[in-house]
Every structure is written in structure tokens, then in C-alpha cells.
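> Whole structure, please, built from the sequences with the hints as guidance.
Number of protein chains: 2
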Amino acid sequence: MQRYFILSSQIHSPFITIQGDDVHHIKNVMRMHIGDEVLCTDETQHTYRVQIEGIAGVVSTRILEEIKEQTELAIAITIAHGVVSRDKTEEVIRRLAELGVSEYCPVAMKRSKFQLDVAKLDRFHKIIKEACEQSQRNTLMKFQNPLAFQELEEVASCYTYKYVAHVDGSMPLKAILPPLGTDKILFVVGPEGGFDSKELEQLQSWGYRIAHCGARVLRTETAPLYLASICGYVYGDSHEN
Amino acid sequence: MQRYFILSSQIHSPFITIQGDDVHHIKNVMRMHIGDEVLCTDETQHTYRVQIEGIAGVVSTRILEEIKEQTELAIAITIAHGVVSRDKTEEVIRRLAELGVSEYCPVAMKRSKFQLDVAKLDRFHKIIKEACEQSQRNTLMKFQNPLAFQELEEVASCYTYKYVAHVDGSMPLKAILPPLGTDKILFVVGPEGGFDSKELEQLQSWGYRIAHCGARVLRTETAPLYLASICGYVYGDSHEN
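Top line first, the protein sequences correspond to chains A and B. Numbering of the first sequence is given in my numbering, commencing with residue 54 and proceeding in unit increments. Numbering of the second sequence is given in my numbering, commencing with residue 54 and proceeding in unit increments.
Heads up, some of the hints might be wrong.
Intra- or inter-copy, both count: the list cannot distinguish identical chains.
[As the list claims (entries may be wrong)] Cross-link-like lysine to aspartate or glutamate pairs, in silico, DMTMM-like; alpha carbons within 25 Å at most:
1. Lys195 - Glu106
2. Lys141 - Asp221
3. Lys195 - Asp175
4. Lys182 - Glu144
5. Lys166 - Glu183
6. Lys141 - Glu90
7. Lys182 - Asp221
8. Lys195 - Glu156
9. Lys195 - Glu122
10. Lys182 - Asp95
11. Lys141 - Glu204
12. Lys227 - Glu293
13. Lys166 - Glu204
14. Lys173 - Glu144
15. Lys121 - Asp221
16. Lys182 - Asp140
17. Lys166 - Glu186
18. Lys179 - Glu144
19. Lys173 - Asp140
20. Lys251 - Asp175
21. Lys163 - Glu118
It should be emphasised that the hints constitute simulated quantities derived from the structure, not laboratory data.
Following this line, the structure appears as C-alpha cells:
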């Protein structure tokens, strides 16, 4: 069933009003009619099955039932990623959102050839919302404001388990991933061209461990997907716990 | 160091002649000169470090040493994938080649909206070659000729471990992946819109097991990357064994 993320302020029980771009989606993309049903998930991860009662400037719906479901991962994954091109950013965030990642954070790094286009933030949020809806998540992946590289020192203090994905890492991921039940994990992935050697030194001095991601050299836009897939597999879904 | 896949017929020890598109790549993309070094890997997985001695219609090189290296996965992964659009095919094969997959095989399925454009096979092979070179693999991922769905019955007989990735699968991947040391594995992934229910029944009757890939619904182009990443993590690299 099609899902839409809404704000709890759109709920006036037993009614939910769907507004904004979702109205266009319901009318013109899904071509739905009065009587059709959709899911609405709010920012507190409550999900409702609702029936459409009116389609105009907004879509009026009536709550049929609250759905008890949990489709999030058991671990919160944050990917801090050297800034890549806009196209690659879009591809990476779409896939990471599907794979259940909690936060994506672009980081300015020495070898980044791009600056994050903040005029595109709305578009990035839209891509994430669509990907989270399509993949039936309970919560939206966060797109964090871009960080300066030095800010990764402060970020480090929030994470017990923090890793740098690097082709020359000596510790295989299998040997250093934290135990089951760990609540959050942070991976730093370099931009095209990888990390500058000074950046690697600094990250290590801030407590990041260098992780080896297999014998093959992964592109900057593949490594985050690889890491997210593995964490999904290793830590599983929250409803399993 | 830049790597090029060559045929063993290009080796006349102690010389290797690089030809075809690689000449353009060496001259105009990498802007290399006489004296520069590259790696050449042949179809028997032998790799040589060579020095460029001449750049003209072909690139003449001299072998400096044979490199003992092994960057392949310990397990051979085959992905049989309901035919997707050309753009998506290109993205998927590029990433799967990086992630160490052995074979990619497009399969005509009921809900495939696309037919594989065989006129683009050369382009697909080129993308795979570049991705395998960039990721420093020892061997090229194979792009198999498209199969009719019914041919998956015959394919099944070649694999002890064969799975269908399906959102409604009840067996989590973790519970059904074969033991370490397994030599090969096959995953069937549906096209956009997923499998037809009859297709699922047939696959099961042919011995394929339905695997659950987490609580989130993955797009058809994300699921193969997810599966390849996990197998890379679980089975590791062949040099580790």
C-alpha cells in the first residue's frame, strides 16, 4: 500500500489531511479515487491506514486503524560522506534511504571536487521522502547540514563505534564491527580520489578506526551502499529484537 | 596503479602489446608517457606490472614482474535479474562488477517492461571492463546472454544454493545462506513490480528458496547490490582462505 509521511499536526482524529506534493502524487501519479486506502506515517513513527474521502486542494482521509509495524533497522547508521557531485549525491541518498540508514551527512574534504549545492536541499529531501515511502520505512532518513572536515572531531564524541572506510585499512570490517545490540554506528567515506593522508591521520587521532572493505577498490558512491547493506544484514531489523 | 584487462595472446614475453580502446585510455584519459607503469591482467588471472616503451597505434610495454595478487571473492556470485531499463542495467552492472560478482544474467520476466537491448551489449561489456579495472579485480564479471524465464529451471541444476530475493519471503537471509567455503551461489531478483505469483511458484518448484531481505522494500536495482555486499562480507576474499 502506498505510504505518505505526514506531520502529526495533519492528524485531527479520526481524520488526516494530506497536503503539499503528496496531493499531486495521489491525484496524478497514483490516480487514486475516493474510497482508496493509503498509509500515513507521522514523525513519531505512528502509522495509520486511512481511506480517502475527498480529493481537491488537499486529500481528506478518515483513519481506519492504527498499524503496529516496525520496519526500521535495529542499529542507527550514520554515513558521513566526502562531498560528491549532485547526481551521485542523489543516487547515494536514494539507495541509503531504502537500505534503512538513519542519517547522511556531506563533509567537505580536501579532495572533494564539489561543493554541496544547498539550493538543491529541497530536492534531496524530496528524494529521501519518496525513497522512504516506497521502501515502507517508519521514519525519514535525515539529511544533515554539510560539515567542515574539522567538525568530525566533535561528531566523534557522540559515537562509541566510528569507522573510516579506506582501501588501505588493515582491519577487516568483520573483525571490528561492534556487537549485536549496539545502538548506533558512524562510517566516514572519502570523496572521489579518497582521503588525503593528513585527513586519515586526523580521523585516527579523533578515535576513528580504519576499516578494510574487501580487496576490491569501491567507488565513493558504492562504499556507503556496501556498508549500509552489511549493517542491515548483521544487526537486522528492530522488530526482530 | 591503473589496470587493463588483456588477452594472453597479447603477451609475447617479455613484451605485452596493449591495443583497442585501452590505447585511447592510456593516451588521452590517463595521459601517460613512455616510462609509466600499468598493470595488465589476462583471462587466466595472471597480472603483470609493465612499463610503457612506446605509444602509437598500440601501446608497447615490457614486463617488469608478475604480481601475485588475488582480489576476487571467495564465493562466485551469480545474479539473475528481471530485465530493467538500459540506464538501470548500466548502473547495476557497474556496481556489481565493483562488488566482486562473477556473473550477471538478465532474465525475461512477466512484469519486465523492457527488453534487453542487445545492440548495447558492447557498451555493457565496456562498462564492466572499466569497473573491474578500476576496482582492481583479477577477472572480468561475465554478462550472460539474456535468458527466458523457463531457462531458470535448467540453471537451477547447476547450483546447490539458489535463492529468490522477495519482499514476502519468510526465511531471513541470515538463516539460509550456505556455510563458509561454499563455492557458488545464485540469486534471482525480480524486475520493477516484482515477480508474478506463478513465477514464484515455478521457482520454488525448481528448488529455489525464497529469501527475505529485511523489512524494507528494496528497488529492483538496489536488491542485487545489497545481496552482493552481504555475500562479500560473509564469504570474504579468496586470498583470506
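> For every hint, state whether the structure bears it out.
We went through each hint and held it up to the structure:
1. When the C-alpha separation of Lys195 and Glu106 is checked against a cutoff of 25 Å, the pair qualifies neither within a copy, at 32 Å, nor between copies, at 53 Å.
2. In the homo-oligomer, the alpha carbons of Lys141 and Asp221 lie at most 25 Å apart inside one protomer (23 Å), although the nearest pairing across protomers, at 30 Å, exceeds that limit.
3. Taking the closest pair of Cα atoms, Lys195 and Asp175 come within 25 Å of each other only inside a single copy of the chain (12 Å); across copies the shortest separation is 40 Å, beyond that limit.
4. When the C-alpha separation of Lys182 and Glu144 is checked against a cutoff of 25 Å, the pair qualifies both within a copy, at 14 Å, and between copies, at 22 Å.
5. Taking the shortest Cα distances, Lys166 and Glu183 sit within 25 Å of each other only across copies (22 Å), while inside one copy they are farther apart (28 Å).
6. For a Cα distance limit of 25 Å, the shortest separation of Lys141 from Glu90 qualifies neither inside one copy, at 34 Å, nor across copies, at 30 Å.
7. With identical chains, the CA atoms of Lys182 and Asp221 are at most 25 Å apart between copies only, with a shortest distance of 23 Å across copies and 35 Å within one.
8. Only within a single protomer do Lys195 and Glu156 lie at most 25 Å apart by alpha-carbon distance; the minimum there is 5 Å, versus 35 Å between protomers.
9. Within a single copy, Lys195 and Glu122 get their C-alpha atoms as close as 20 Å, which meets the 25 Å cut-off; across copies the closest is 41 Å, which misses it.
10. Taking the closest pair of Cα atoms, Lys182 and Asp95 come within 25 Å of each other only inside a single copy of the chain (12 Å); across copies the shortest separation is 46 Å, beyond that limit.
11. Within a single copy, Lys141 and Glu204 get their C-alpha atoms as close as 23 Å, which meets the 25 Å cut-off; across copies the closest is 36 Å, which misses it.
12. Taking the closest pair of Cα atoms, Lys227 and Glu293 come within 25 Å of each other both inside a single copy (22 Å) and across two copies (12 Å).
13. In the homo-oligomer, the alpha carbons of Lys166 and Glu204 lie at most 25 Å apart inside one protomer (19 Å), although the nearest pairing across protomers, at 46 Å, exceeds that limit.
14. For the homomeric pair Lys173 and Glu144, the shortest alpha-carbon distances inside one copy (14 Å) and between copies (23 Å) are both at most 25 Å.
15. Taking identical chains as interchangeable, the C-alpha atoms of Lys121 and Asp221 lie at most 25 Å apart only when they sit on different chains, with a minimum of 18 Å there against 44 Å within one chain.
16. In this homomeric assembly, Lys182 and Asp140 come within 25 Å of each other (Cα to Cα) both inside a single copy, at 17 Å, and across copies, at 23 Å.
17. In the homo-oligomer, the alpha carbons of Lys166 and Glu186 lie at most 25 Å apart only across protomers (23 Å), although the nearest pairing inside one protomer, at 32 Å, exceeds that limit.
18. Proximity of Lys179 to Glu144 under the C-alpha cut-off of 25 Å is found in both arrangements, the shortest distances being 13 Å within a copy and 22 Å between copies.
19. In this assembly of identical chains, the alpha carbons of Lys173 and Asp140 lie at most 25 Å apart whether taken from the same copy (11 Å) or from different copies (23 Å).
20. Taking the shortest Cα distances, Lys251 and Asp175 never come within 25 Å of each other, neither inside one copy (33 Å) nor across copies (42 Å).
21. In this assembly of identical chains, the alpha carbons of Lys163 and Glu118 never lie at most 25 Å apart, being 51 Å within a copy and 34 Å across copies at closest.
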